[in-house]
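Could you slot chain B onto chain A? The hints should help.
There are 2 protein chains.
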Amino acid sequence: MLESAEIGHAISKAAYARQEPRLREALLNAQFDLAQAKRRPVLMIITGVEGGGRSETANKLTEWMDPRHIRVTAFGPRGEEERARPPAWRYWRALPPRGRIGIFLNAWYTEMVAARLAGQLNKTRFEFYLQETRAYERMLVDEGVVLLKFWIHLSKDALRERLVALREDARRGKHVFKIDRQRARIYLKLRPVWEEMLRESSTADAPWTIIEGTDERYRNLTVGKVLLDALNEANAPATAATPRRSRSAGPPPPVVDNVALIRNLDLSQKLARAAYEAQLDKWQGRLATLTQAKRFRDHSLILAFEGADAAGKGGAIRRVTSAFDARQYVSVPIAAPTDEEKMYPYLWRFWRAIPPRGGITIFDRTWYGRVLVERVEGFCSEYDWRRAYDEINQFEEQLVEGGAVVCKFWLQISKSEQYRRFKAREKTSFKRFKITAEDWRNRAKWDAYEHAVADMVDRTSTEIAPWTLVEAEDKYFARIKVLRTIVKAIETALKLT
Amino acid sequence: MLESAEIGHAISKAAYARQEPRLREALLNAQFDLAQAKRRPVLMIITGVEGGGRSETANKLTEWMDPRHIRVTAFGPRGEEERARPPAWRYWRALPPRGRIGIFLNAWYTEMVAARLAGQLNKTRFEFYLQETRAYERMLVDEGVVLLKFWIHLSKDALRERLVALREDARRGKHVFKIDRQRARIYLKLRPVWEEMLRESSTADAPWTIIEGTDERYRNLTVGKVLLDALNEANAPATAATPRRSRSAGPPPPVVDNVALIRNLDLSQKLARAAYEAQLDKWQGRLATLTQAKRFRDHSLILAFEGADAAGKGGAIRRVTSAFDARQYVSVPIAAPTDEEKMYPYLWRFWRAIPPRGGITIFDRTWYGRVLVERVEGFCSEYDWRRAYDEINQFEEQLVEGGAVVCKFWLQISKSEQYRRFKAREKTSFKRFKITAEDWRNRAKWDAYEHAVADMVDRTSTEIAPWTLVEAEDKYFARIKVLRTIVKAIETALKLT
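If you read the sequences in order, they're chains A and B. Residue 61 in numbering that gives the first Met the number 0 is what sits at position 62 of the first sequence, and the numbering runs on without skipping anything. Residue 91 in numbering that gives the first Met the number 0 is what sits at position 92 of the second sequence, and the numbering runs on without skipping anything.
Looking at chain A on its own, in the form it has when it is part of the complex (with noise of 0.2 Å):
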């Protein structure tokens, strides 16, 4: 892939002259109007061999355009609170919202290319980290972004010149971007890596443009120019007639009778309040014990609360956190998203409240609303519910990577019961547990939500971090399933058993 950005691409001074003006006046417009839009973010990643010139077009960039709408990351060495986070951690937070373009230097291949380089990753761990990015990089684009990757490429002797070129530059004392010569020297044994990672990373939803970078007027043209064709691209408004995405969401998927999984839950199984408060007691104090270990700072623990109103989440939450130091953990209540939150792809607001290793985050309410609410209300597309399990259960898996411990609970109680406990509340006066019109609007969607439930435990019920479905028409017998769930899963995770 890589001989042809190594054939001497070059622009003359004249030709440069009579492009630059007008290529930045198109870019200047169409960066206008995708910040007026903020329809979409665009992302740019630009990474290659060092010394190619990186910094420099992104520098150029920033200088053509409005910089104000234009913010430049470049992922070195990872800090204090990057570190005690799941990897991605760090590219989620610096993902540019709506309306705003993003260039990240390196981004995530730098890093991966290292670790292989290095030996921390053989083949076939590499692999599947590439297979990985792709799923992620295919997402951002499902998810609106305009995903652009440039690899800036030097042949050997290019790279050899340049070295020599930038020293001279620097003995006469003019600024000149800092090299990693350690990185250059390895050329040769870095290259088939780059190869492998190019070629398996270059999809139709992001392909790899690859530019030469030998000659600084030609790199920066094509990486401007093809700037300019994606934001047109992006400022393009989507009509009925021509969807942006013309994705279908495929064939429907085999009905099993998935349902019976729920509806066969043993919805009779109870616990006398003795027998629960002797339980409670025991089980909160495992669970005090493990989260205060020595060992648990090496890890995390992120709990998943969904189920129908009134299933009784809040209460077994509480039962929860009264185990742990309110300093430890953090709780978040999942509602409609902020529009802050709305300017970027639905997992950000999760991967926001992620804790850092040795703390604790509870949802209440979580991503899978995606394929729970927004699918039975049509809140998005049938295309975009579809391909969410697949990304859940990535980000699930980069989350246990990341040391995490993830319990998610699906709370099941009886329709009937759900009336009663409806009817109760509208007498009692915890104002929190008033009933909403909403509520009722919710109930009347019962059988769809099952179906929507039946599916989402079918297809994110993994074995890194499996649904934990909790019988709860009896509070008591939750409550303890629950705590009982989250200590086996901290023993499992610190190798306590």
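Bear in mind the hints are in silico, worked out from the structure with no lab data behind them. Be careful, since some hints might not be right.
Identical chains share a label here; the pair holds if one copy fits it or two copies do between them.
[To be verified] Result set (DSS-like, lysine-lysine): computed pairs, CA atoms no more than 25 Å apart in a straight line:
{"#": "1", "residue 1": "Lys37", "residue 2": "Lys341"}
{"#": "2", "residue 1": "Lys59", "residue 2": "Lys281"}
{"#": "3", "residue 1": "Lys122", "residue 2": "Lys188"}
{"#": "4", "residue 1": "Lys422", "residue 2": "Lys444"}
{"#": "5", "residue 1": "Lys59", "residue 2": "Lys293"}
{"#": "6", "residue 1": "Lys281", "residue 2": "Lys12"}
{"#": "7", "residue 1": "Lys59", "residue 2": "Lys474"}
{"#": "8", "residue 1": "Lys59", "residue 2": "Lys37"}
{"#": "9", "residue 1": "Lys37", "residue 2": "Lys433"}
Frame of chain A, contents of chain B only:
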């Protein structure tokens, strides 16, 4: 002040059993109302004597109330990201939004006392920080924060008994919170420092509640009751007859003809193109060298741009950013706050963007919106914009103390020049320069803005963060003045002059 919390307050088990359920229900209801109305945030500071039960109190509150709307933050040693920014940054980052309760364990008080005791702060400096704290807390209250400060106290004897009891508990395998025995041992040294601190920081806006920590039941009930009163007050709707804040703006400031400051600027200053280009090269080069210098890594650079529409802010900013490495700076255009930003005090959105050491943030419009557009358009009350001058001075002082170089630019053009530029822009092909109806509306208020600008410069041009008035009738002249000012400011900070 502390003696009254050493007399052995206690509540019997029976009395507690009677009172607790009622208090809890009332707290839950009040918390629910707070979360629904989202009118005000509640910030509880809990600090006091080591071993007095600060964490236990926080845990009891999260147990009583809905943990999903409370966030407890313990402020211990500073992490990497915190050390790289001004001291106040981490407190701003943890502030609760409207509708939520934030509990700060220790907050700014413990740090201050520790520094005083370690001799890092002399008496004068300590008193200065106490004054700063008073002003900071007053600002929070003025911004609608319900601020509660609890000092959990123990007499020396009670502390000694507590330490013995804790050791006993730990021996029997009971979970106990960690105690800093070092701090406990120097009780007698700390006590006079606490006394001064409590006295100086107990204000009408934010008085301390001093609570004896010896009896757990007394402690919890007292904190709970104070919180309940505060929540009820916070939830009482402000009516026209009984405004929440009864403060008047006070007498108007003496009329001085400070507008002359603006009107007398010599707008005829010009720079010819050739001179401009030579100077541009020179100052951009110096700016690049300075911000790449090793010494700059101990500092940061914060640039604030204000000016009438079409005064040339964008153009000046571009000439500045093109001297920077794009990886090093972030540019923040300030428009109307997002709904998330509206949940916090007005300075929150700026604190969010404060650069770490070695970094640069450029604000295109700034926190001065409060005393410019918000004042002129009546978006905030007179009391609000009048208190802003001091708040802003304090904010900038904190930035500078944290190592930042702060440059503030007001770009001034004449009314006729603005007209000329508006007309020219209506014909331009650069869309970002198109003139909107709002631009014409703002222009109609030229005189009101002129007065606001004059007051702003009068009140907030400080030695550490002076305003630079830029005669911007000639763009070349303006850009060079901006660049030169930044270079000089960095040179002074880096002690290169």
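Here is what the structure says about each hint:
no., hint, result
1, Lys37 x Lys341, "both (11 Å within a copy, 20 Å between copies)"
2, Lys59 x Lys281, "between (63 Å within a copy, 19 Å between copies)"
3, Lys122 x Lys188, "within (15 Å within a copy, 62 Å between copies)"
4, Lys422 x Lys444, "within (18 Å within a copy, 58 Å between copies)"
5, Lys59 x Lys293, "between (49 Å within a copy, 24 Å between copies)"
6, Lys281 x Lys12, "between (78 Å within a copy, 24 Å between copies)"
7, Lys59 x Lys474, "between (62 Å within a copy, 22 Å between copies)"
8, Lys59 x Lys37, "within (23 Å within a copy, 45 Å between copies)"
9, Lys37 x Lys433, "between (38 Å within a copy, 18 Å between copies)"
The structure agrees with every numbered hint stated previously.
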